Amino acid sequence: MGLTSALGTIGSVVARYAKKPLESFSALETSEGGHTIVAKDGSLATVLRIDGVRQILGKEELEHLIERLTVQLSPYFGRPGHALQVWFARDPDLSDLVVRNLMRPPRNVATELNLDFDDLFEAREAHLPNFIVSEGFYFVLWTRLSILTKQELQRANIDRKPPKGWPTFAEAQDINRAVRALVTRHDSFVASLLTDLGDVGIRAEALDAHEAVEVIRSSVYPDLTDSKWRPALPGDPVPSRRPELSAGDASHYLWPRLDDQIFDREAERVNPRIVRVGAYNFAGVDMTIGPQEVQNFAFLLSRMIEGSVSKEFPWRVSYLIEGEGLSMLGIQSFLAAIFTITNRDNRAIRDAIQELKAARAEEGLVVCRMRISFATWARSDDLRLIEDRASKLKRAVEGWGYCEASQLAGDPLASVMSSALALDIASTAPAGVPPLADVVRMLPWNRDASPWSFGSVLFRTGDGRPWAYQPGTEKQDAFIDLVFAPPGKGKSVWLNTTGLASCLSPAATVGTGGQMLPRIAIIDIGRSSSGLVSLLKEALPIDQRHQVAYHRLRMTKDYAINPFDTQLGCRYPLPNEKAFLVNFLALLGTPVGSERSPEGLADIAARVVDEVYARFDDKKIANSAPKRYVHGEDFEVDEALRGRGIQVPGSVTWWDVVDALFEHGAEREAILAQRRAVPLLEDLQLVLRDDRIVNNFGTAMISTGEKVIDVFARMITAVAAAYPLLTVPTRFDIGAARVVSLDLDEVAPSVGDFAAKSTAMSYMLARYATARDFYLNEEIVNLIPDLYREHHRARIRRIRETPKRLVYDEFHRTSVAPQVRDQVMIDMREGRKWGVHIVLASQLLDDFPKDMIDVATGIWVMGVANAGNAREVAERFDLSRTAESIIKHHLNGPAAGGAPFLVKIQLRDGQHEHMLVNTLSPVEAWAFSTTAEDAELRQRLYAVLGPKEARRRLANRFRTGSAKNEIARRLKDAFEQGRIGDEVKNGIIDRLVLELSPEEAASRGVAHPEPPRRAGRQPAHA
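The numbering used here applies: residue 320 is where the sequence shown begins, and numbers increase by one.
There's no promise every hint is true.
Listed next, the in silico DSS-like pairs over lysine-lysine satisfying Cα-Cα at most 30 angstroms (straight line) [what the hints assert, rightly or not]:
#1 Lys339 / Lys856
#2 Lys897 / Lys938
#3 Lys794 / Lys1152
#4 Lys897 / Lys876
#5 Lys1169 / Lys1207
#6 Lys1283 / Lys1267
#7 Lys1207 / Lys630
#8 Lys794 / Lys876
#9 Lys1169 / Lys897
#10 Lys1304 / Lys1283
#11 Lys339 / Lys359
#12 Lys897 / Lys1026
#13 Lys856 / Lys876
#14 Lys1169 / Lys378
#15 Lys1283 / Lys1207
#16 Lys794 / Lys1169
#17 Lys378 / Lys630
#18 Lys547 / Lys339
#19 Lys547 / Lys794
#20 Lys339 / Lys713
#21 Lys897 / Lys1152
#22 Lys856 / Lys378
#23 Lys339 / Lys469
#24 Lys856 / Lys1283
#25 Lys359 / Lys630
#26 Lys1207 / Lys378
Just so you know, the hints here were simulated from the structure itself, not pulled from any lab data. These figures come from a predicted structure and were not determined experimentally.
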């Protein structure tokens, strides 16, 4: 028997016959205020919550972190006085609770906005716990009295004596236990370690003493997690208690003992390995001999997960780390030297000790004293389950670098309590003396930091850690996202998911005017956003569904958009509106096949814009000719004038009508009238030959020798002929819609030079129609006529307070339109000032030039078309080598657990880089599906069953969130039978409707068809 084994056996025999209450394992006495907890012996403790690392840790990054942390932690453990408990736990049994808590804020927002999303949240709460695990990671920083000098300790003992005549407080916290000199040292220890962790990219925070005691209690009783319990500590109101002790005892005047507050149920020994604590059976496992090969924590976690989070069981580990590890080896070295002749183990111990001492003397090696304890638990009504879990835990620990572990600690309760959080600096595990670098390597650093405590969308890490995300919050200074994804990698689902998250932002429920949906403009080519729009619209009450709209833009006068429209009452465009107009006119003047407009065209456009507004300004006397009101041009305006008794003299202008209607409260009709008052594209011809234009630009020529004025005039004529929607007053109106998707598929052809120009013009018009109000702030109020100033001030205040999101999907379609890119760059650079969240999504890497990447705050990569592109993507977005490897090997598109992606996001606390997974419930997958077949089937069932019931039945039948494969299978069968054509597909979709809706079959008077046996239930998939 080796020396270490003998000493451990003696301790086990003694412990086996000693029965202790739970409070005997606690050294906690009271709180010193703030984050400091005071122990019974005067030691001080602070609990840090470790959120994780801001950057993905590959092998290279982990080695760098270990090297830096070893240096930074050395001063704390190179001498006695400080101790550190590193505590980590994962509990799949609490996953339901975690998901419910994270869903509570967006649920509340949905309720405030009258969005009926109960089925969506219920589906999330049922589905996500299969992929997400509750996780806790804490440091406990201890500062002990041994750090004080002899004089300081003597002084402390005097100061801690109660005053003469002081009553006893047998059942209360001892508020005189803290030592002033120790508090200063402890605060410095905490502050320094927090700084050190931050320097290496680890997010951490010191918990207030109340929250610290709460998590300590939850580590003892996992069933009390999130119980909203709060301890009574100095500074709190004193709980009312009846005096129960002697007349000289004043316990009822102070706060109850911490032990009495933490431990409300005693433990019961079930067998030599199992104890019952509260509602659970616990089993402890101690590491008795350290690993032969030191491996990082990821190896242990992978063994616990066994390839699937669903196979994991609750477990925790506690590392107890103290300095001056070699000092404890004095007696062991002496005894080992005596018994060297009789036992080889003791000779090895002696030699190892000598090597460590030599390394410390020669290289400054810091050697620690470390004890590692584990525990697992299960409901108390299943003894076999806890035995099985304990066995699995022991095997996993022993496979972590080939170490040895044991469940035989003598007192099973002491073994279990050794892995509790922050109760004491004690453990039943035998101490090892590893170098600090080995200690650091074994700690759980590979945890992705989650900056948001809650969010309307819940991503996750590959090993099941929840990663909440809330777009557009104060954690970022600006909101500019670039999304790169080849087809089939989950881009559309991500856009819909984060779009919904923006709608459920808590910011949407506050501000002037009360609760409202945020402002979201989606410029798309195709129907990829239609799922989100449909989901939102159907969730709103009928009288509010106008707030959400999907439009398919067409090149006809019915969809007319006049870019010369101004804000209500404004005779001139605002500065940002003028900049847009000049850019738009330059685009229209760009010859087909060219990337840039002719030289000088933008200059003349700027001057012409000024002159055309001046010409129709009714407040300007000289040379102005405001447009005259003509009865019959707009029926709604005529009726509004008549209905309000507004007299219209014969010489009245449209601007007069606008003002009169506004003064009588007819805001909508005033807007309609103003569309007749502002310039149209063809009106530019009226001012183009004005003397002020001719004098300045009459001799200017382009490179071909043609006059700029002639080029401009020809452009106006050509555009009017080619684009009829630009030739008449605005007819296309998003109205009161707050979430708008504009589908440009019909006006943005993809082939040919003319197609490129049409696409560019369509993007510009769509941006103008949906988002021009986004760029208003209080600074422009003074540019607005007095009559309208208060109206716009209130309106702008609400716009400023409202989350705003502008999405350019299929951004690669603008690659041949530099004017569009120029406008987007303006939007990106000024987005922060206006509070606009901008999202650009593209399939092509070249669509993201350096100037866009430089201002982006979020880079979202869904994958690459082939592995060879990974290097180019990493270089373009300045990603780490580990990120490059992830892009190359792990971003393979949607799978059973969701769609993986890599994100690089800039927050106020620094840059984050993580690999995450977007996991949707089958209900959400059906809501967001964009394939034509799924959308048709969904819409038909919506009409028959209503949205919620339709999604429920679709999700139960097709767990993947799509019926595309089933429809394709049936089409193949039909083709083999000689049946082809669109009517066959329609018939298949119709049959699926009848299969899923017996009610519809009954209403048609047909038998309810049974699903074919081949179309069995599909496996769950997000």
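Pairwise hint evaluation, Lys630 against Lys1207, where the allowed Cα distance is 30 angstroms at most: At roughly 28 angstroms apart (the allowed maximum being 30 angstroms), Lys630 and Lys1207 satisfy the hint.
Under the criterion that the straight-line Cα-Cα distance not exceed 30 angstroms, is the pair Lys1169, Lys897 satisfied? This hinted pair holds, its Cα atoms lying about 27 angstroms apart.
Is Lys897 within 30 angstroms of Lys938, Cα to Cα? holds (20 angstroms)
Does Lys1152 sit within 30 angstroms of Lys794, going by the straight-line distance between their CA atoms? With a Cα-Cα distance of about 16 angstroms, the restraint between Lys794 and Lys1152 holds, given a limit of 30 angstroms.
For a C-alpha distance cap of 30 angstroms, please report whether Lys1283 and Lys1267 respect it. Holds, at about 21 angstroms.
Does Lys339 pair with Lys359 here, judged by a C-alpha cut-off of 30 angstroms? holds (18 angstroms)
Decide if the proposed pair is consistent with the structure: Lys1169 and Lys1207, CA atoms, cutoff 30 angstroms inclusive. Judged against 30 angstroms, a Cα distance of about 22 angstroms means the pair holds.
Going straight from one Cα to the other, do Lys547 and Lys794 come out at no more than 30 angstroms? holds (26 angstroms)
Agreement of Lys897 and Lys1026 with the hint, judged by alpha carbon distance not exceeding 30 angstroms: It holds: about 24 angstroms lies between the C-alpha atoms, which stays within 30 angstroms.
So if I understand the rule, the pair passes when the alpha-carbon distance is 30 angstroms or less; does Lys856 with Lys378 pass? Given that 30 angstroms is the threshold and the Cα spacing comes to 48 angstroms, the pair is violated.
Under the criterion that the straight-line Cα-Cα distance not exceed 30 angstroms, is the pair Lys1207, Lys378 satisfied? holds (16 angstroms)
Take the C-alpha atoms of Lys339 and Lys713, compute the straight-line distance between them, and say whether it is at most 30 angstroms. Cα-Cα ~25 angstroms, so holds.
Checked against the numbered hints above, the structure breaks hints 1, 8, 22, 23, 25 and satisfies the rest.
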